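Chemist: First to last, the protein sequences are chains A and B.
Take 1 as the starting number for the first sequence in this note's numbering and just add one per residue.
Take 1 as the starting number for the second sequence in this note's numbering and just add one per residue.
Warning: the hint list may mix true and false statements.
As the list claims (entries may be wrong) - Pairs of lysine-lysine residues, derived as BS3-like cross-links and limited to a Cα-Cα distance of at most 30 Å, are as follows:
no., chain 1, residue 1, chain 2, residue 2
1, B, 142, A, 221
2, A, 23, B, 144
3, A, 211, B, 123
4, A, 221, B, 144
5, B, 49, B, 15
6, B, 15, B, 142
7, B, 278, A, 221
8, B, 165, B, 49
9, B, 316, A, 254
10, B, 285, A, 254
11, A, 243, B, 144
12, A, 23, B, 285
13, A, 54, A, 254
14, A, 211, A, 84
15, A, 20, B, 278
Hint data in this document are derived by calculation from the structure and do not stem from the laboratory.
Keep in mind that this is a model prediction, so the values were computed, not measured.
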Amino acid sequence: MEIIVFVKQVPDTESRIVIKDGKIDEEGINFILNPYDEFAVEEGLRLKEKFGGKVTAITVGPERAISTLRKVLAMGVDDAVLIKDDSGETYDPQRISKIIAEFIKKENIPFDILFFGKQAIGDDNMGVPAMVAEFLGLPQVTVVTRLEIEDGKGRAWREIEGASEVVEFKLPVVLSAQKGLNEPRYETLKGIMAAKKKEIRTVTLEELGLKELQCSISILKIEPPPPRPAGRVLQGTPEEMVKELLNLLRNEAKVI
Amino acid sequence: MILVFVEHREGKIRKGSFEVLSVAGRLDFGEVHAVIAGKNVKELGESLKNWADFVHCFENPLLENYSTTAFKKVVFEIAKRINPDAILFSASSLGKDLAPRVSASLNSSFASDCTNLRSENGKLIAVRPIYAGKAFLEIELKNKPCVLTLRPNVFPVESVSKNGKIEIESIEISEDDLICKVVAVERGEEASIDVTEADIVVSGGRGMKGPENFSLLRELCSILPNCAVGASRAAVDAGWIDHQHQVGQTGKVVSPNLYMAFGISGSIQHLAGMSGSKIIVAVNKDPEAPIFKVANYGLVADLFEIIPILKEELKKLLS
Ligand SMILES: Cc1cc2nc3c(=O)[nH]c(=O)nc-3n(C[C@H](O)[C@H](O)[C@H](O)COP(=O)(O)OP(=O)(O)OC[C@H]3O[C@@H](n4cnc5c(N)ncnc54)[C@H](O)[C@@H]3O)c2cc1C
Ligand SMILES: Nc1ncnc2c1ncn2[C@@H]1O[C@H](COP(=O)(O)O)[C@@H](O)[C@H]1O
Chain A
1 MEIIVFVKQV
11 PDTESRIVIK
21 DGKIDEEGIN
31 FILNPYDEFA
41 VEEGLRLKEK
51 FGGKVTAITV
61 GPERAISTLR
71 KVLAMGVDDA
81 VLIKDDSGET
91 YDPQRISKII
101 AEFIKKENIP
111 FDILFFGKQA
121 IGDDNMGVPA
131 MVAEFLGLPQ
141 VTVVTRLEIE
151 DGKGRAWREI
161 EGASEVVEFK
171 LPVVLSAQKG
181 LNEPRYETLK
191 GIMAAKKKEI
201 RTVTLEELGL
211 KELQCSISIL
221 KIEPPPPRPA
231 GRVLQGTPEE
241 MVKELLNLLR
251 NEAKVI
Chain B
1 MILVFVEHRE
11 GKIRKGSFEV
21 LSVAGRLDFG
31 EVHAVIAGKN
41 VKELGESLKN
51 WADFVHCFEN
61 PLLENYSTTA
71 FKKVVFEIAK
81 RINPDAILFS
91 ASSLGKDLAP
101 RVSASLNSSF
111 ASDCTNLRSE
121 NGKLIAVRPI
131 YAGKAFLEIE
141 LKNKPCVLTL
151 RPNVFPVESV
161 SKNGKIEIES
171 IEISEDDLIC
181 KVVAVERGEE
191 ASIDVTEADI
201 VVSGGRGMKG
211 PENFSLLREL
221 CSILPNCAVG
231 ASRAAVDAGW
241 IDHQHQVGQT
251 GKVVSPNLYM
261 AFGISGSIQH
271 LAGMSGSKII
281 VAVNKDPEAP
291 IFKVANYGLV
301 ADLFEIIPIL
311 KEELKKLLS
């Protein structure tokens, strides 16, 4: 089973987002492996353990993203590639998808599964997996919480509102992982040592013939969320507080 | 011209689609077209006449269940025919799956989960939350037909009075278009409203103390109209309630009219999922809990004292 996992380096969920000169200030941000991509890596490793084969991790990003590739190598991924892109965060899933699709076509690597996270925290697009699937003409299942693969076919459970859809497909396929799919493993010390020595190949956009690739959106501005009006702490006994609350919800906020 | 993808489930058009139709009616972009597809949708299509200038109905038994690739083909073919400036979807689980694929097929600009949308001299400008709502991004979509998904529960439903024309579409769909298809739908624990679609969310955190106490929230929820139970990750990780209910950066992002947090401290990841709610109520024993910073109304109190009284008073008020 040949599996390619796409991982993105993203700001830690604890990060305070500071806007400076109309952009996110990267100073002081701790970058981590996108949590959903971790589920994709884990599932890839489990499939490899079951069926044999290879797991390759790919990221599109700046030099700093190498640390994320080292992390997934330490988890057990066989090979890692950095597609070097210094344009910074463009929030444009189409651009990233075109780079990924072009890389897959050019390299002509055989694969059974292209595994993604359901969403990159930060850009929060949930766009790349479906777009890559379309560019490559592959079936897709997004937001997968359970997966069964057998004889070149599969079934995936995808989360929808209040239920799960069971989706059938044939390999090769594009899948995107949701929390619940598995419990990702920790890196072992041995894995971390081995990962340090692994060579990470770098591919440039020039080599992919994509140096002129444009964004399909242009950023006008980035702003902090509108401040919430100062709240009110209610006083009195529990009975008094509840009565006052319901009065406010009905007559002031008009929500009940 | 705007094309709206209309979603239906169990013979009913979903509320999110009416929100999107309302937005399309308000935007200054000419005609509004709606597309509805499925096994049996003519009647539903008829019911959309007030909402759009043209209603494109496409029926095919192969579309009884959802298939990303088949539905993509339907939207793609209609878009090719009518050449809209934008195609709008609700950011439902289906919309989020289908819209980016449609956008890629048309090589057009894409923006997901938008909370604001306007036209300026023929340009389409969208605002969407990034970093789970810790910032807002305003973008211009350059390549038409721009594809956008709109966050549910943000845009009001305002009836439009059009006098739409029904167009029965014929598009070749075969098994080859169903390279991925839904074969079954498995219902969750209870047939409940999803937190992203509810008008009111009552959420519990670690302060709920155990799974059995979530029934207090379910009871409260059953009194309130269109209400769903939410939870913090601490409650989900403890196994007290299913992950479907988790609100936050790695759960669901909700923006109901009313969000009530019981025994939730208000971590940055939780706030990321609910700070877009219109009204926030927090019940927490700890006056220093960060949840009070975003709450419109705060009750520094024991939730186990508050909930029973709240239930009784609500029953009186709403009966
Ligand atoms: C990568 C990552 C992603 C995360 N994603 C999410 C996410 O999506 N959603 C999320 O919620 N969290 C998320 N978290 C976890 C988050 O950091 C917090 O740990 C979590 O939100 C805490 O949940 P809590 O508020 O229920 O628990 P606590 O922080 O323990 O708070 C419990 C609160 O209950 C109050 N309390 C206790 N007893 C009572 C009582 N009887 N009456 C009233 N109040 C009482 C206490 O005063 C306290 O404030 C994430 C963390 C990480 C690292
Ligand atoms: N720059 C990137 N490099 C590699 N994979 C990416 C990149 N951006 C997004 N992805 C993948 O696409 C998924 C969805 O991302 P998004 O559409 O940006 O929310 C992520 O979870 C990753 O698996």
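Chemist: Decide, hint by hint, whether the structure agrees.
Modeler: Against the structure, the hints:
no. : hint             : in the structure
1   : B:142 with A:221 : 15 Å, holds
2   : A:23 with B:144  : 26 Å, holds
3   : A:211 with B:123 : 27 Å, holds
4   : A:221 with B:144 : 21 Å, holds
5   : B:49 with B:15   : 16 Å, holds
6   : B:15 with B:142  : 29 Å, holds
7   : B:278 with A:221 : 24 Å, holds
8   : B:165 with B:49  : 7 Å, holds
9   : B:316 with A:254 : 17 Å, holds
10  : B:285 with A:254 : 26 Å, holds
11  : A:243 with B:144 : 53 Å, violated
12  : A:23 with B:285  : 38 Å, violated
13  : A:54 with A:254  : 58 Å, violated
14  : A:211 with A:84  : 11 Å, holds
15  : A:20 with B:278  : 28 Å, holds
Comparing the model with each numbered hint stated earlier shows that hints 11, 12 and 13 do not hold.
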